[in-house]
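K.L.:
Use these hints to put chain B onto chain A, whose structure you have.
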Amino acid sequence: MQMNDSQRIPASKEKVWAALNDPDILRRCIPGCQSLEMASPTEMTATIVLRVGPVKATFGGKVTLSELDPPNSYRISGEGSGGIAGFARGGALVTLASEGPDLTVLTYAVEAQIGGKLAQLGGRLIDSTARKLAGEFFKSFGEVVGQAATAGV
Amino acid sequence: MNDMTPTREQRTAALEGMGCKRKRVEDIRFTQGKGNYVDDVKLPGMLHGDFVRSPHPHARVKSIDDSEALKVPGVLAVITAETLKTVNLAWMPTLAGDVQMVLADGKVLFQNQEVAFVVATDRYAADDGINKVKVEYEPLPPLVDPFKSMDPNAPVLREDLAGKTSGAHGPRKHHNHIFEWTVGDKELTDAAFNKAEVTIKEMISYHRTHPSPLETCQCVCSFDKIKGELTIWGTFQAPHVIRTVVALIAKLPEQKIHVIAPDIGGGFGNKVGAYPGYICAAVASIVTGKPVKWVEDRIENLTATSFARDYHMTTEIAATKEGKVTGLRVHVLADHGAFDACADPSKWPAGFFNIVTGSYDFPTAHLAVDGVYTNKAPGGVAYRCSFRVTEAAYCIERAMDILAQKLGMDPAELRLKNFIKPEQFPYHSALGWEYDSGDYGTAMRKAMETVKYAELRKEQEQMRAAFKRGETREIMGIGVSFFTEIVGAGPSKNCDILGIAMFDSCEIRMHPTGAGIARMGTKSQGQGHETTWAQIIATEIGIPADNIMVEEGNTDTAPYGLGTYGSRSTPVAGAAIAMAARKIRAKAQMIAAYKLEVHEDDLEWDIDGFRVKGLPGKFMSMKDICWAAYNSVPPGMEPGLEAVSYYDPPNMTYPFGAYICVMTIDVDTGVYKVRRFYALDDCGTRINPMIIEGQVHGGLTEAFAIAMGQEIRYDAEGNVVTGSFMDFFMPTAVETPHWETDFTVTPSPHHPIGAKGVGESPNVGGVPAFSNAVNDAFSFLGSTHIQMPHDFWRNWAAAKSLGVFASA
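Each protein sequence line maps, in turn, to chains A and B. One gets the numbering used here by counting positions in the first sequence from 1 and adding 925 to each. One gets the numbering used here by counting positions in the second sequence from 1 and adding 64 to each.
Chain A on its own, in the form it takes in the complex:
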């Protein structure tokens, strides 16, 4: 499954970049995220509650940042297991471009794969759920970063 989209965020590229590396902001923005802890500057562990159709599961897994090109782009990838509910793995190439001093365009290309019961039962709901979750993430990310930027001014 692949998703490509972009989002305008009312903040400078540097601020957006910093937020993309801030576990606290990520935790607040990832839908269903219960915990997110930095193990190293490029590695985090996360617990996320996910619901696809009839399946609800708590996923525990690793999030890794790679291909870092601050403050322009990175790849965020994750792999998690939800026990009998199955597993999910995927990643997103996130690219930032300045449109002005306080306006940044965040472009993302997500690739995700899921397996197990989630895929069996949620089959036809997965694409729409994933799109919805990605949309929610970047929407709240935009809001949080935008607010922080506005508040900081």
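Rather than coming from a laboratory, the hints here were simulated on the basis of the structure. On a predicted model such as this, the values are computed, not experimentally measured, just so you know. Among the hints, a few may not be true.
[Said to hold, decoys possible] A partial selection of chain A residues facing chain B, derived with a Cβ cut-off under 10 Å:
id, residue
1, Gly978
2, Ser1006
3, Gly1007
4, Gly1008
5, Arg1049
[To be verified] Partial list, derived from the structure: chain A residues whose beta carbon lies under 8 Å from chain B:
id, residue
6, Phe1012
7, Gly1015
8, Val1035
9, Ala1037
10, Gln1038
11, Gly1041
Even for Gly, the Cβ is constructed at its ideal location relative to N, Cα and C.
P.N.:
Frame of chain A; chain B shown alone:
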């Protein structure tokens, strides 16, 4: 004689024998919710087992940690492959000559494969335990597409077979290859194609589906440590085979294994094989010393126990310009999943697929089947059909339509032109079968007349013209199917399972008061054996069917038989029943002769007893003979009246039928409407017409499901995406069309009562009728073949690809 003396008609009617629409006796308990199924078996101290299953289609199992699971209250044990290795049961043999992991041994090969078995005091605790078992996997690339299975760089699935260049059915060409099976004369067939005036070639796929009985597979195993005896209650279509398999692989003495198949809620081929659940429950019972129950849930049933079909059939027909077929060439790519666990007679890796010449007089044919492994669930069972017969019927019936289209001929006319003629029976087919009897032309013409076929074609022509003028968005299809089945496996000369000849059996024991009990090696799963078996006996020995109790499914009491599947019950056990009954009657005749003080040759059989020829008043009823058998048999004769028959059929039987489906499809939505479905079946002698009709209704409904949507589908990553009834089409009364049934009667010449078997015919003939209707509907838009299943979305997609939205 006075007026009270019953007439011959009344006496015959009182028996409720063959030909009578006797009401199903088993329904008295079923309709009151008083059936006794495996899940109704509740034993003191009984434990429950359930599986940890793999979310990955292909992965290495790095570790299994059960320490947290064992802390869950109620969880008593977690069984893994390592546990099973201590009793040499980590792998088990399949019916197809392969081996299959009972629990993941180092690797998983399909999604939902059994990895560990959690045993607990109740099902909930077992489920909680499953959640706590930690399995570490290293995912490997999955192989989903069978057409890529033999690529040089395809992943190696079966590491256990490394270096093995031959399998149970001969040489292997590739590490994912299972067998190649060829039949027929290649040279002669190639020659026929070389000089053919017209040829067609099409890759016809029969998708993966699942028998999906409403009651899933399940068992209760109870090991008695003191006696050293194992009792297994299970959903077994073939209880005796299960007993023998358990004896062979668990090394238990066969007399100490008691297999009991109680009432079964549908089998359709799903309940023939042996599954890891049975082995694990048995081992768990031996380990814990307590009874252990294993009951599959719906997802497990659909995704792990035997699927059906997944045959990809490249089909070619050679013919003359006038439409006379001259040759048939078929290559099948058979996707067996991770293990070859299809349930066919041992020597038949592709079942009886060589019935693919169908009802037509092909002078020559050649068939090659390649079986391959993929990262999918194992199976390949005969879902309401004899072994691979529905695949064969679909293949030839689609191909005949494609040929008709190419020739510009009517598909029914093409069939009539190529039928095997009545005078050609017994007919030797180009692929090696001897068809017992048939009158195809009569059946086809009766079907065409009943539905007013010619008028339907005229209406279709008008509708097509109207469609082209833009006056309607509906298209009309007429699906014709004329199938010949091969059922009743089978003669010991060519059919066995694990070395046991595929005979069947019956034991009849008459009691002094003119009643009796009859036991068979078959096992009803809804077919109504308790009703029909008693009817055969009633006619044969003149005792009312109501006085005969039929009992099946207990290996301690029933004579050895190979079970119920492949429409073999009536052709094989039905014959054994008649033969056993005739042994009873033969002894009864001697007793009657003695009591009536005549020579037994002076007696003649008369409905329900023996009469002295020429002396109508001197008569002894079978009821009285039963009494006499227990007190005054002729000197030197043993008392009692019982008989056993083991019947080894001389040949298979070949039921046939003509089905016609009329359908309309809305091209803008893909929504179809079945306007009419007419099914004419010829199953030889009809034992109970009402049960036959019920069987045909059920089989047609499953055919409808398969053709119009029922599918086990995998995504590219190897996830099963149709693992529940949300996505797997299970028609209810709402979707199911109205069925019209009809018949002709062409008895089997070699069967004692002339019966051929019918339970599976409607599935075999129904699928091509539906698919041909859809394909016929689209054909005038330039389409040759659209793959099944024909659900709304695919119909819409077909319409779109044919450009019907171009002007919109």
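K.L.:
Each of the hints needs a verdict: does it hold here or not?
P.N.:
A quick look at each hint next to the structure:
1. Gly978: With a closest approach of 8 Å, the glycine 978(A) hint holds.
2. Ser1006: holds, 8 Å
3. Gly1007: Hint holds; glycine 1007(A) Cβ to chain B Cβ min 9 Å, cut 10 Å.
4. Gly1008: holds, 5 Å
5. Arg1049: holds, 7 Å
6. Phe1012: Result: holds, 5 Å to nearest chain B Cβ.
7. Gly1015: violated, 12 Å
8. Val1035: Violated, because the Cβ-Cβ distance from valine 1035(A) to chain B comes to roughly 16 Å (cut-off 8 Å).
9. Ala1037: Status violated, d = 11 Å.
10. Gln1038: Since the shortest Cβ distance to chain B is 6 Å, the answer is holds.
11. Gly1041: holds, 3 Å
Going down the numbered hints, you'll see the structure goes against 7, 8, 9, while the others check out.
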